[in-house]
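Enquirer: Between the sequences and the hints, there should be enough to build the whole structure, so can you do that?
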Amino acid sequence: MSLELLSANHGAAMAATLAARANRKGRGFVSGVYPITPSTECMEFLCNQKIEKSHVVRVESEHSAMGVCIGGAAAGARTFTATSSNGLAYMVENCITAATMRFPVVIAVANRTLGPPWNIWADHGDALILRDAGIIQFFCADNQEVFDSVLCGFRLAEDKRVMMPVMVCMEGFILSHRTAQTDVPEQDKVDAFLPPTDVPHRLAQIPHTLGQIEVPHQTEMHRMQHHAAMLDVPAIYREIQDEFEKIFGRRPPDMLVPYKADDAETLIVSMGTIPITAERVVDDLRAQGKKVGSLRVRLFRPLPVEAIGRVFAGKKRIAVIDRNIGLGMGGVLWQDTRALADPGTVVQDYLAGMGGGDIRPEHIVKMVEDIEARTASGAPKLMEMV
Amino acid sequence: MNEPILGGLCQSELDRDEPIFRKGNTNCGGCGMSITLQMLRRAVGDRPVQMVIPACCGAVAGGTFPQATFGVPTIMTTFASAAAAASGMAAVARLNNEKTRIVVLAGDGGTFDIGFACVSAAAERNEDILFICYDNEIYGNTGGQRSSATPQGAVTSNTLEGKLEQKKDILAVMAAHRIPYAASISLAHVEDTHRKLTYALEATGFRFLHVLSPCPTGWKSEPALGLELVRLAVRSGLWPVYEIFDGKRHLVNIEPDFSDEALNMYLSLQRRFQKSGLSAADLRPAIDRYWQNLRALTGRIVPARREG
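Residue numbers (the working numbering), protein chains in the order written: chain Z, 334 to 719; chain F, 18 to 325.
Hints are computed from structural coordinates only; laboratory data are not their basis. A portion of the hints provided could be inaccurate.
What the hints assert, rightly or not - Calculated lysine-lysine pairs in the DSS-like style (CA-CA distance at most 25 angstroms, straight line):
# : chain 1 : residue 1 : chain 2 : residue 2
1 : F       : 116       : Z       : 358
2 : F       : 237       : F       : 292
3 : F       : 185       : F       : 292
4 : Z       : 383       : Z       : 358
5 : Z       : 714       : Z       : 699
6 : F       : 116       : Z       : 386
From a predicted model like this one, the values you see are computed outputs, not experimental measurements.
Expert: Spelled out as structure tokens, the structure:
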């Protein structure tokens, strides 16, 4: 192990590099990359690494970046790409293809607001376009977690029981450009953690066709197989955590991270870096005698529904913070989690930090004050970041 | 399999046992893509080949899961990313020292239009891909809409008065990328087609083949006359058959006789040209200009059109 000062962008690329080298005894590593703020530094770093048995294609668009990964995975290689915002939106068609063709591509996403009007700051809305596409989604809270999630991402994506893309999300600039000490393991340990990639349905000699026409009942069957594989992810992820801990001597964070949630009456639920601030607010409010807790949703797809339900049980108030808005409905995290609370619980959505505004402790304190004054759930409420 | 017009080239035991395009496929009768695939089968021989096919008639022709029409490992990609996926596959083959040839089979939509940026970029990177465009001059799969490969005057389902604009000169565009090999193919000239397919399969770097692919359904023509139409297009000079090496050296492979009779025949045998009432006289000036330019590129100093 060595401690290195890396931005989360560089951390993701460093993890991908180690994973790429780990497949030198397999069929190699292929990546298609295209620059976009704020994820550019990730692809730049990757392009400038010397990796045995690897090829990084500098393509003409994000759509083709994922196209190269699809081709690479179809030929049995380990594949990775990085993008952000409109780049991800442009890539969507091929992200869906990678998922429905069950290719284990790892995608690092620096979350950024979709435009125009152009806005380069953090918003979860880009990744959430793909919430229903059959792609595993992790939202990370710090640099080490981004690094570890990329490594775990490869292991998870390439697990035969899983076989689907993994998206590792970091908020643009807040994480992507934040430089922090990152624990980078030696290559032999990564080799032990990541066995050579084996895509069982890859194109070899047998003349089978991938992605051909299906009739309705075949599509139904494939969708349900994919869905079932996603539902198995939480259990498989726990196995991977154990394996990771055994090899690297530290444990990557759980899919859900509750903080002082057990006896809390008011629970703050959020994703990405927001929960880190929420946890500080919890400490402050606890010091004032308020029973507040936090729940960080790290694994958003598949959503660990039962585990969230267990944390939600018995809570009086649940404040969901959404750094996104599902226009015409409300925050996406709120949409997905509000039905998991006990009947009668006040579940309130707070739209905050959309378009990259800072979410500071005082904003979260206001949310807690607001929800404590409520006796029933209301419509999603915008907390203006002024 | 039993195309007498192919001079018996596609009737060997190898072709019957392991065709690239198996029987029972759903292509329309007289489809140029079917003939292209039979020709490709003969050229491929024992070489390991993998195909990449974007959303197009080729994707439909592949058959429904789990049966496969194609006799080689094939991947269907999204409409615009065949060349990108092929780039990834070619990279993995190279990294593993495999001799697998990666062949893209795309229509004019996936080449001239939606796939254009992707094709251009793969050509610019000189990826080790054989890109075959079977050009039926129409979005056939969706019922026959105009593409930028549709010739002027052709009626399509969304240009009911006939298309106003000229066909894009894709071969010149590809040559401008200075790729190792670019060529147009006439399926009516079997030896030339076979030679080009074989050369392109053997060569490395980005190779581009442009096939005039008869589409009886879209052209409103007699299925059995497909190859005859191609022959007329070549004879009249409408479909120049030539090859370009490294974007520099141009070589005309089949000399047309610039027959107006052939051109009028070509137009009158397709109902798509009926409405606009095109005749040889309308098309001749543009054909002459094209050939003058082509002669200059080939370094020939004789007049483009031979008199008498």
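Enquirer: Taken at face value, is the distance from the CA of residue 386 of chain Z to the CA of residue 116 of chain F at most 25 angstroms?
Expert: Within the cut-off at roughly 16 angstroms; holds.
Enquirer: Keeping to a limit of 25 angstroms between CA atoms, is the pair of residue 714 of chain Z and residue 699 of chain Z held or broken?
Expert: holds (12 angstroms)
Enquirer: Does residue 185 of chain F pair with residue 292 of chain F here, judged by a C-alpha cut-off of 25 angstroms?
Expert: Holds. Residue 185 of chain F to residue 292 of chain F sits at ~22 angstroms (cutoff 25 angstroms).
Enquirer: Below or equal to 25 angstroms on CA atoms is what counts here, so check residue 383 of chain Z against residue 358 of chain Z.
Expert: holds (16 angstroms)
Enquirer: Under the criterion that the straight-line Cα-Cα distance not exceed 25 angstroms, is the pair residue 116 of chain F, residue 358 of chain Z satisfied?
Expert: OK: residue 116 of chain F and residue 358 of chain Z at ~19 angstroms, within 25 angstroms.
Enquirer: Would you mind confirming whether the straight-line C-alpha gap from residue 237 of chain F to residue 292 of chain F stays at or under 25 angstroms?
Expert: holds (12 angstroms)
Checked against the numbered hints above, the structure breaks none of them.
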